[in-house]
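Modelling step: build the complete structure from the supplied sequences, incorporating the hints.
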Amino acid sequence: MAAQFHRSGTRGARWILSAPLLVFLLLVVAYAAFSGIETSFQDRTLLNPEPSFTGFANYATVLNDSTFWSSLGFTVFYTVAVTVVELLLGFGLALLFDRGFPGKRWLLSVIIIPIMVAPSLMGIMFRLILNDNIGTIPAVFKAIGSDISLFSGSNVIPLVVALDLVQWTPFTFLLLYSALQSVPQELYEAASIDRAGYWRVVKSIIVPLIVPTLVITGFLRAIDAFRTFDTIYILTGGGPGTKTTTLSIYIYKVLSGGNFGVASAAAVIVALITLPLVPLVVGRITRGALANL
Amino acid sequence: MYRSFFTPKRRAVAVAVSVALVATGCSSAGDTSGTTKLKMVFEPGPEADAMAVLVKDFNATAGKTDKVAVQIIQLSRTDTFAKEATVMATKSSEYDIYRTTSYLVAQHAPYLDPITLNESEYFPTAVNSLKVKGKLYGIPLDVSNHFLFYRQDLIAKMLADPAGYAAASQKVLGLSLTPKDPAEWNWNDYIASAAYFTKSVNPLSPTQYGTVLAAKNLSYNAMIWDDVLWSFGGSWTDSSGKAALTSEVAEKAVRVYSKIYTSGITSPDSTQAEFPETQAGLTAGNAAFAVQWGAGYAALADAATSPVTAGKIGIAPVPGETHATHVHALSIGINKYGKHKAQAKTFIDWLSSSKTMTKYVKAGGIAAMPKVLEANASTNAIFADISSSVSKYGFAEPNVPRAFDIYTALAADLSGAWVGEGNPKDALKKANESVAALLK
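In order, the protein sequences belong to chains B and Z.
Everything in the first sequence is counted per this note's numbering, starting at 1202 for the first residue and increasing by one.
Everything in the second sequence is counted per this note's numbering, starting at 11 for the first residue and increasing by one.
Treat the hints as calculated values from the structure; they're not laboratory data.
Fair warning: there could be bad hints in the mix.
What the hints assert, rightly or not - With a straight-line cut-off of 27 Å between C-alpha atoms, the simulated DSS-like cross-links for lysine-lysine are:
id	chain 1	residue 1	chain 2	residue 2
1	Z	K49	B	K1343
2	Z	K269	Z	K181
3	Z	K93	B	K1444
4	Z	K77	Z	K49
5	Z	K181	B	K1444
6	B	K1343	Z	K269
7	Z	K369	B	K1444
8	Z	K49	Z	K346
The following block contains the structure:
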């Protein structure tokens, strides 16, 4: 009987302790999500102050818009490119920093600076630094006799990818570096006794042990890259044409035209694209965690 | 033993402070002196700085008498209208005065009260651009249009070198042209002159490129491209009101841009150029001329901000067989759902006098009153040009409800073709479909 009271008391305490978070989630997430979904089924624009139910018309508008599909294509390419390269670079840097070398602390501080800068500010900084008339980088290119144009149609996509690498590789590096710190020293010692080479240690010890961190880091970067807005919007406005238009820029432009229904429908479609990834990743992380128990 | 922090005395103080805070919050629209506080939306920038001078003046004089005080709420330079739109859509009474413009007023009209003004004091293009179904929804404050800004010192040298000019025009256009005064340029003259001032075409050129082409995917750049379209006699629509961007003149207008870009007579980075990049090209001495917003002149003529161009900038109308400049008015209107509409009307009436607008131009604004601009030409040399240019060459695009969406669509659909990516005909076909859908 006493145990039963204890269990129900614990259950009650759980709800009481979770209540602030649940209320917050209800207000900030659930209400906003419900309102967004509701708006996506309405003919709701600035021109139409009295919204009416319009079924799937807004979804049809989005799905029939070639700009939406080109934005989706660019966003997927951009997400995959920056996530893969940042994981590789971050892992490489983590391996490098895992070994001692002079000036390591100083260099570590310098490397993580970009993630402390707001993406919009980063966009403005790059806009100045890369400006053909007054920017430092074009001036350096000119000084060495190169007439490369960073914003030309053929270079603009590699450029925006490179700028994302500059800002977010330190993020993957930090997470992977901290994961490397948690690899037990005894495993290195055992590998050393077995005369395993460095790359053998990386392949057979380090990588399997940090897979959960790699997955979560890749997931976080992919989600963040998928909703990229600030830097690209400030630098290119999504152009030339719609070449660098991400889904976030697409939705923003529809919204800023006062087309709330269509913008909400586009946002719901984007959510439907990304949501199935969540259980996959959570499952992978959970499996990893359980395996380590 | 545990003692609560909230002793009876502290509890009483906390309650008193809370009540005071709530009371302060509730009285945001008025204070103990009975003054009504009006909230007015504005975007940060030179217009807001000029308006701040007027607001200070109003609050200290006429506002004091009428017990009205205005407060400027600055949102963000680029996102003011997007943020304002979300507030408008909720029929909020939070703001009493909304920011609006020629290209948004048709969308904003359901949330604004019509106003009346002495229209004869304003540029007719500016006033008409703020009317929806015959009713005026905003007071024209600033007028924005385009000019050709050019380096007088460089153009003088070009006019004295017909042989070099003919060679440059032959290389880029396949035509042997003679140099002309910028006020007489058509688009071929513009291209030939840009070629003359481009090092890759004319190694003796003092500038790297002839011009700066504002070709970023940006609605405001579509307004500049409209100048080219209108100069060829084109428009978004035909006489029956149907989308007309598959016309021959629309293709000519796109080809002017793509010729400038693909000939290398503008920087390859023009794909991301807009107002600041155009200014930078001129102030750095990298370009000899450019079509630019009138607001850019003051900085180009100022020795402190642009020593390279100060005292050397000439002003001419936008090139074309027929000169044409897009004109829009920046404005404010009264929130239909606001709680202090009478007081907002008092402020707008105060703004509508030429005396107030004279103070506005002295503070950095570009008033939409021709007489005020002409009388204050000594404040900013471009005022007189704006007055004549808007009257002679100004046009306003069709005042359709989704005008802003059309600018956005034009920039998205055409900015690739402007820089030679893809076929102009395909881009125009897509733009035409977008415009047709937005006109429905």
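Do the hints match the structure? See the list:
1. Z/K49 x B/K1343: violated, 50 Å
2. Z/K269 x Z/K181: holds, 12 Å
3. Z/K93 x B/K1444: Within the cut-off at roughly 26 Å; holds.
4. Z/K77 x Z/K49: holds, 14 Å
5. Z/K181 x B/K1444: Given that 27 Å is the threshold and the Cα spacing comes to 31 Å, the pair is violated.
6. B/K1343 x Z/K269: Judged against 27 Å, a Cα distance of about 24 Å means the pair holds.
7. Z/K369 x B/K1444: violated, 45 Å
8. Z/K49 x Z/K346: holds, 14 Å
Checked against the numbered hints listed earlier, the structure breaks hints 1, 5, 7; every other hint is satisfied.
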